[in-house]
Amino acid sequence: MTATALLEARGVRKRFGAVEALRGASFSVDAGEVVALMGDNGAGKSTLVKTICGVHAPDEGEILFRGRSIVRLTPSQIHGLGIETVYQDLALAPDLDTAANLFLGRELLARGLLGRLGVLAKRRMAGRTREVLAELKVNIKDPTAPVATLSGGQQQSVAVARAVTWADQLVLMDEPTAALGVPQTRAVLDLIRQVRDSGRGVVLISHSLPDVMAVSDRIEVLRLGRRVARLVTRDTNEQQVVAAMTGAFTNEDAA
Amino acid sequence: MRMPRWSAAAAAALLLTSLAACAGDSGNGDDGKTGGFKIALIPGVANDAYYGSVACGVQAAAKATNSTVEVQAPKSFSPTDQIPILQAVIAKKPDVIIIAPTDSKALYAPLKQATAQGIKVVLVDTTLEDPSIAEAEVSSDNIEAGKTAAAKLVELLDGKSGSVLTVNLSAGVTTTDDRFKGFAEGLKAAPTLKDLGQQYSNNSVQTASSIVSSTVAAHPDLVGIFSTAAFNTEGAVAALRAIKDNNVTIVGFDANPPGVKQIQDGEVAAQVVLKPYDEGVAAGEQAINALTGKPVTKKISTGAVVATKDNLNTPEVQKYLYSFTCPAA
Amino acid sequence: MTMTGTPTEAPAGSPVRGRGRRLLLGSATDITAILLVIVIVFGALNPAAFLTSANLINVLINASLLIVMAAGATFVLIAGGVDLSVGSVLVFSGVIAGKVMVAMGPQGWAASIVGIAVSLLAGAVWGAINGIVITKMRVPPLIATLGSFGAAQGLAQIITDGNDLKDIPNELIDTLGVGRFLGLPWLVVVALLVALVAGCVLAFTRYGRRTYAIGSNVEAARRAGINVDRHLISVYAVAGLLSGLAGIMSYAEFGSTTLSGHSTDNLAVIAAVVIGGTSLFGGVGTMWGTLVGTMIPAVLANGLVIVGLNSFWRDFTVGVVLVVAVYLDQLRRRSRTKR
Numbered sequence: 010m011t012a013t014a015l016l017e018a019r020g021v022r023k024r025f026g027a028v029e030a031l032r033g034a035s036f037s038v039d040a041g042e043v044v045a046l047m048g049d050n051g052a053g054k055s056t057l058v059k060t061i062c063g064v065h066a067p068d069e070g071e072i073l074f075r076g077r078s079i080v081r082l083t084p085s086q087i088h089g090l091g092i093e094t095v096y097q098d099l100a101l102a103p104d105l106d107t108a109a110n111l112f113l114g115r116e117l118l119a120r121g122l123l124g125r126l127g128v129l130a131k132r133r134m135a136g137r138t139r140e141v142l143a144e145l146k147v148n149i150k151d152p153t154a155p156v157a158t159l160s161g162g163q164q165q166s167v168a169v170a171r172a173v174t175w176a177d178q179l180v181l182m183d184e185p186t187a188a189l190g191v192p193q194t195r196a197v198l199d200l201i202r203q204v205r206d207s208g209r210g211v212v213l214i215s216h217s218l219p220d221v222m223a224v225s226d227r228i229e230v231l232r233l234g235r236r237v238a239r240l241v242t243r244d245t246n247e248q249q250v251v252a253a254m255t256g257a258f259t260n261e262d263a264a
Numbered sequence: 028m029r030m031p032r033w034s035a036a037a038a039a040a041l042l043l044t045s046l047a048a049c050a051g052d053s054g055n056g057d058d059g060k061t062g063g064f065k066i067a068l069i070p071g072v073a074n075d076a077y078y079g080s081v082a083c084g085v086q087a088a089a090k091a092t093n094s095t096v097e098v099q100a101p102k103s104f105s106p107t108d109q110i111p112i113l114q115a116v117i118a119k120k121p122d123v124i125i126i127a128p129t130d131s132k133a134l135y136a137p138l139k140q141a142t143a144q145g146i147k148v149v150l151v152d153t154t155l156e157d158p159s160i161a162e163a164e165v166s167s168d169n170i171e172a173g174k175t176a177a178a179k180l181v182e183l184l185d186g187k188s189g190s191v192l193t194v195n196l197s198a199g200v201t202t203t204d205d206r207f208k209g210f211a212e213g214l215k216a217a218p219t220l221k222d223l224g225q226q227y228s229n230n231s232v233q234t235a236s237s238i239v240s241s242t243v244a245a246h247p248d249l250v251g252i253f254s255t256a257a258f259n260t261e262g263a264v265a266a267l268r269a270i271k272d273n274n275v276t277i278v279g280f281d282a283n284p285p286g287v288k289q290i291q292d293g294e295v296a297a298q299v300v301l302k303p304y305d306e307g308v309a310a311g312e313q314a315i316n317a318l319t320g321k322p323v324t325k326k327i328s329t330g331a332v333v334a335t336k337d338n339l340n341t342p343e344v345q346k347y348l349y350s351f352t353c354p355a356a
Numbered sequence: 004m005t006m007t008g009t010p011t012e013a014p015a016g017s018p019v020r021g022r023g024r025r026l027l028l029g030s031a032t033d034i035t036a037i038l039l040v041i042v043i044v045f046g047a048l049n050p051a052a053f054l055t056s057a058n059l060i061n062v063l064i065n066a067s068l069l070i071v072m073a074a075g076a077t078f079v080l081i082a083g084g085v086d087l088s089v090g091s092v093l094v095f096s097g098v099i100a101g102k103v104m105v106a107m108g109p110q111g112w113a114a115s116i117v118g119i120a121v122s123l124l125a126g127a128v129w130g131a132i133n134g135i136v137i138t139k140m141r142v143p144p145l146i147a148t149l150g151s152f153g154a155a156q157g158l159a160q161i162i163t164d165g166n167d168l169k170d171i172p173n174e175l176i177d178t179l180g181v182g183r184f185l186g187l188p189w190l191v192v193v194a195l196l197v198a199l200v201a202g203c204v205l206a207f208t209r210y211g212r213r214t215y216a217i218g219s220n221v222e223a224a225r226r227a228g229i230n231v232d233r234h235l236i237s238v239y240a241v242a243g244l245l246s247g248l249a250g251i252m253s254y255a256e257f258g259s260t261t262l263s264g265h266s267t268d269n270l271a272v273i274a275a276v277v278i279g280g281t282s283l284f285g286g287v288g289t290m291w292g293t294l295v296g297t298m299i300p301a302v303l304a305n306g307l308v309i310v311g312l313n314s315f316w317r318d319f320t321v322g323v324v325l326v327v328a329v330y331l332d333q334l335r336r337r338s339r340t341k342r
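Chains as they are written, first to last, in my numbering: chain A, 10 to 264; chain B, 28 to 356; chain C, 4 to 342.
Hints are supplied without guarantee of correctness; some may be wrong.
Here are the in silico distance ranges between beta carbons for each label pair [unchecked claim]:
#1 A:85 x C:319: 31 to 37 Å
#2 C:57 x B:91: 55 to 61 Å
#3 C:50 x B:91: 28 to 34 Å
#4 C:59 x A:64: 55 to 61 Å
#5 C:166 x B:120: 47 to 53 Å
#6 B:241 x A:64: 25 to 31 Å
#7 C:50 x B:62: 45 to 51 Å
#8 C:105 x B:120: 38 to 44 Å
#9 C:55 x B:354: 37 to 43 Å
#10 A:126 x B:241: 52 to 58 Å
#11 A:139 x C:178: 49 to 55 Å
Simulated from the structure, these hints should not be mistaken for lab results. All C-beta atoms, glycine included, are put in the ideal place defined by N, C-alpha and C.
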């Protein structure tokens, strides 16, 4: 682990009305590693991710990206730093094709006068899309078909590919395999490894212990809004993780 | 999905062909110089018994010369609906088009297209601002009819004093404009009656009804209503019925079946009955004259009768009540 | 729950052929076939009357107002909205233009050009109001545009006292109204130009693509950083502007504001757009489809009169074609989603 983590959250508190979702939560992830963020329902995983991405502003605490605070930034500014999130609902436009979804909101315009009129550079976007898909070893037979025609696993891959296209630093994923069958899950896990191997950091929220054990390098466990355990995947096992989630095990000092 | 597409196309073809087969063909009119002409009649609006009587009249005149009549009516009284129909009719190249223009200006250009192609034009009921392109204009003398209505209302009111409202159709329709003109003129003969002028219902029963209700509220001395068209009479009757007002005498216009019933039920004191059947006959005759090279009377006015409960069943009045069923020739 | 098993890709046929067809006609292949069938049937039944250039040009003229309004409606429906106010905005814009032209002229080119500009502006303003009520006040589009349907028509009648305005510079009548450009009526030229430009914007520009995106998944568009509210307001404003264009075209064509002649335009426009393959749920549609969709009722109206059928059959037939088109659209949608 390097001295300055890629992204680090310290003592984050967040309250929604009467509910305190985060009570001094912490988290860290480095470049080139997959960290799984686990915890029972209501532990605060989604809230922590949304706070990191700028959707919510924390009441207290610090979030540092490469050592610099990012708590005051808007979601667009955070995207600009190279951080992207793949939400559980994928946020894909079903009637648009793969390339259109990849470039949603960040469309490439043609050069010169045409570009100033807003004309799209469709060929360039298609080319870039092919490159990204090849790089991630994602196989989509007809990239010009609407993404609604793709299988669940492929749609997930397109959402991940989109995040990877724009995030050159860190990708956060919320339950990427929750709705997938066995072969598609395997493909997505392979994809996650590709992303890690490209040098980016990956944060993975998942309920699936087998998936987490298979793909993550480290596991951080949240419970009741606070980090209770930090585990290295190859040195731990499923029982220990469950124990951390239920509170029977902790290796974190009280914050 | 290839199957649905081809069967959809086949179904569409089948539907159209069968519809066309059911359509009355417009007949093979010979190119006879004395008969067998193709007459196209374009009324002002469909589903109006007034134009039904006009059509009957045209058909009677056509029968005499072995000519055929094809009727195509717009679904609303508006040039936006009438002009596309006129253009399609022109494409069929009839010998003559008898038409009731729904707008005195807008119909000029399309009718000019017809005459440019050698199709003769006869105007019936309403007319154009510039009728020079037509062979003949046949209409009711609506000014005279309006005066007749005024005279009847004055007679019925028998010296009472109060105000009188006219519920009219839309501005710019020559027939109804003339009816009010005549009525206002005739009303002057009764100094005890105050003329409140006219309001437009744009052919909506709803609007006519609210016009009458608000007038009664604003002028409690309202004693008479003149309605220039069927929908207006309906609206007036409904409004008065709702406020249970028996002090207002209505003189209406147009004797289509609901109008006749209104007289029978006593809700309307009198209806001015035009003679659309006569209009149709005259229009048909002038059209044939124009086609056979005989002299044409450029302007014909047909008259009106007044129907009341007393004379409703006399043959004089009966034969002019509006209907889609044509009287035996 | 997705099925397990090998993921199947796009519809049958090689990717190249499927993509070619998609590029060419989008969701409008079936409906173009139906239009061709209708033309062939009428042409066979009475070629001398139906298949003349004069008659076909008349059909185009009668479709021209609808084409202009339907172009705007295509954007609105693709974006997931709906606009019921088109006919009333048409009338209202014509009325405002009429009043201004009378004040300025009532004859002359200056008055004419100002009249056109005013009509476009009046339409655009109504459209923007629609957009603001829908996005900022969160009133559902159906209700918001139903409100302007009544309000615009009502205002037009208040301003004119219920009587159609008939004063329009002869210059406008002679050019836009009845004049021709290279043999084609100006009305048709304008309509086709509008369809062409609108089609290009839809198919080739970022604006068009974002319209599809918002209609397809508005939340995804928002998260991608697209300013959804601003885009929607502009889409409704464009639809209003095009209704304003139709307003001055109608005034020039009929020489009258035809206050009572446009109350069912909104349904005719929506039917045309939906027949052309645009989905009522947003995200799908093409301008070519809309063009075909407007031609079908126009051809039917003309052809049915020529073969001698009462024009009430037109309403019946358009109704049936509308249902068939939406049914085919549903089939297409269901066959490509796996859910």
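Against the structure, the hints:
Taken as a hint, the range 31 to 37 Å is violated for the pair residue 85 of chain A and residue 319 of chain C, whose Cβ atoms sit roughly 53 Å apart. Look at residue 57 of chain C against residue 91 of chain B: about 33 Å separates their beta carbons, and that is not inside 55 to 61 Å. Remark: the range hint 28 to 34 Å for residue 50 of chain C to residue 91 of chain B is upheld by a beta-carbon distance near 33 Å. In this structure, residue 59 of chain C and residue 64 of chain A meet the distance hint of 55 to 61 Å, their C-beta atoms being roughly 57 Å apart.
Checking the proposed 47 to 53 Å range against residue 166 of chain C and residue 120 of chain B shows it is violated: the Cβ atoms sit about 36 Å from each other. Look at residue 241 of chain B against residue 64 of chain A: about 57 Å separates their beta carbons, and that is not inside 25 to 31 Å. Take residue 50 of chain C and residue 62 of chain B: their Cβ atoms lie about 27 Å apart, and the range 45 to 51 Å is violated. The hinted range of 38 to 44 Å is satisfied by residue 105 of chain C and residue 120 of chain B, whose Cβ atoms lie roughly 40 Å apart.
For residue 55 of chain C and residue 354 of chain B, the hinted distance range of 37 to 43 Å is satisfied, since their beta carbons lie about 39 Å from each other. The hinted window of 52 to 58 Å between residue 126 of chain A and residue 241 of chain B holds, with their beta carbons roughly 55 Å apart. As the Cβ distance of residue 139 of chain A to residue 178 of chain C is approximately 51 Å, the hint placing it in 49 to 55 Å holds.
In this structure, the earlier hints numbered 1, 2, 5, 6 and 7 are contradicted, and the remaining ones agree with it.
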